[in-house]
Each structure stands twice: as structure tokens, then as C-alpha cells.
Amino acid sequence: MEAVDGVNAEVARIFAAKEQRRQDLARLPFPEKVRAVMKLQEMAATILQARGKHVRPWRIVEDASDASATKS
Amino acid sequence: MERDGVFTRYAIAGAMAATFYVEPLLTFDLDVFVVLPQAPGGLLTLAPLYDALRARGYSEQENECIRIEGVPVQFLPAYNALLEEALKEAQEIMYEDVPARVLRSEHLLAICLQTGRSKDRERVRILREQAKLDQNFLADVLRRHQLEDKWKLWTE
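Residue numbers (this note's numbering), protein chains in the order written: chain A, 1 to 72; chain B, 73 to 228.
If we strip away everything but chain A, and leave its shape as in the complex, we get (with noise of 0.2 Å):
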């Protein structure tokens, strides 16, 4: 990660670990991808909708034993 001019070690640390974060995420597979979209749209609505900007989380429905088969 870069250095950031100012900032000490504990904020370093922090930003590491969001970043090596955000890598983990990139790793994921694919359909947990997509969870975790939907996850986002969720949250983001809230906010989009109290901003009158009209968006709809999306409704995909799983198969049970499809979407216990990719938690593993």
C-alpha cells in the first residue's frame, strides 16, 4: 500500500487491512458476487430512495440446496 503523508501507523494499518480487504473480495466466487451486490443495492436504496431517486433491489430467487452448495 502507499504511504499517506500525516497519517500514522494505526490509520496505516487500518487502510492495509481495507485493502487486503477489498482483494479478498475480488476472490470471491462469482454467485457470492452477486449476493453481495444485492446486499449493496439494498443499502444504497435506502439512500437513493430518500433522495427521490426511484431504484429497486433486485429479487433473485435460489434454489435452497443451489444456494447452500456455494456457502461452502
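A portion of the hints provided could be inaccurate.
[What the hints assert, rightly or not] DSBU-like mimics (lysine-lysine), calculated; alpha carbons at most 30 Å apart, straight line:
(1) B:Lys191 - B:Lys204
(2) A:Lys18 - B:Lys224
(3) B:Lys191 - A:Lys18
(4) A:Lys18 - B:Lys160
(5) B:Lys160 - B:Lys224
(6) B:Lys204 - A:Lys39
(7) A:Lys53 - B:Lys160
(8) B:Lys160 - B:Lys191
(9) B:Lys222 - B:Lys191
(10) B:Lys222 - B:Lys160
(11) B:Lys191 - A:Lys39
(12) B:Lys160 - B:Lys204
(13) B:Lys204 - B:Lys222
Just so you know, the hints here were simulated from the structure itself, not pulled from any lab data.
Quick caveat: nothing in here was measured; it's all calculated off a predicted structure.
The hints should help you fit chain B onto chain A, whose structure is shown.
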């Protein structure tokens, strides 16, 4: 629909395609590029595609999207040489038990450069940081589609 000849090839593009290679990116629609069969008179129209979707029970439209199984899907015809090449070389993946086709990361990056919006610039940054890019393949794509200058401008 590809088998039925409604379009000759399709692939997932945009934020969901990028999400295949990088961290999950927020999006509310699914972009799908299609190569359409030649229509009489050479017209490029999505009308037969929308007709085929309606026949399958998908008629709910919002903005430019069709809602399919809970997901708003935006179909876009491949309108230039870069998109045609990207579709031709898109890769097959499995989503759960369903086969799907996704654009290569190098083509996604080139399309971002060509499109050139601020969110494309951000996506180029994320793809560079997180996706495994074949640098030789990317260099060829950028050269073939005259995107080398833009690449330098955005990355130097």
C-alpha cells in the same frame, strides 16, 4: 434465445462483468451486449429481441431495461469493432448451474477507455488493481482499437 437466432451471440458487460474479476460493484442493472442478426434493409433494431422476451413472459420494462427474473436487463447491440471483438472472445462461466458468457477483463478495460466517463476511469483503476490482466493481450487490444494514447493519459 441465442439458439433460437434472436441474436447470434451475447455476453454480460458493464459493472456485473467487472464484478466477475474484481470486488463487488454497486449496480442496479445488468448490461448485456448482443450481436443481432442482419435485419432486412440492414437496420439494427432490438425489436425482435423484445418480441421474443415478451413471448417468454418478460414484458415489464423500466427505463431502457426489461425485468427478467427480478433483474433489470439492458440489452445493447454491439455497435463498433471493439464490442464485436469483445463478444467474439467472451468467456464461458458457470453461474450456479447455469452457463453464462462474460466479457474478458482486458476488453472491459478497453471499453471503459473508449466510453470515457468518470465512472469508467474509476473502473479502469479497479480492474488494474484487482483483475488478473493478460498484459500482452491488453496491449494488442489497445493497439488494434487506437486506445493506447487514452491508456497512457489515464494511467501515467
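Checked hints:
{"no.": "1", "hint": "B:Lys191 - B:Lys204", "in the structure": "holds (20 Å)"}
{"no.": "2", "hint": "A:Lys18 - B:Lys224", "in the structure": "holds (28 Å)"}
{"no.": "3", "hint": "B:Lys191 - A:Lys18", "in the structure": "holds (21 Å)"}
{"no.": "4", "hint": "A:Lys18 - B:Lys160", "in the structure": "violated (36 Å)"}
{"no.": "5", "hint": "B:Lys160 - B:Lys224", "in the structure": "holds (26 Å)"}
{"no.": "6", "hint": "B:Lys204 - A:Lys39", "in the structure": "holds (25 Å)"}
{"no.": "7", "hint": "A:Lys53 - B:Lys160", "in the structure": "violated (36 Å)"}
{"no.": "8", "hint": "B:Lys160 - B:Lys191", "in the structure": "holds (25 Å)"}
{"no.": "9", "hint": "B:Lys222 - B:Lys191", "in the structure": "holds (15 Å)"}
{"no.": "10", "hint": "B:Lys222 - B:Lys160", "in the structure": "holds (24 Å)"}
{"no.": "11", "hint": "B:Lys191 - A:Lys39", "in the structure": "holds (21 Å)"}
{"no.": "12", "hint": "B:Lys160 - B:Lys204", "in the structure": "holds (20 Å)"}
{"no.": "13", "hint": "B:Lys204 - B:Lys222", "in the structure": "holds (21 Å)"}
In terms of the numbered hints stated before, the structure departs from hints 4 and 7, listed from lowest to highest.
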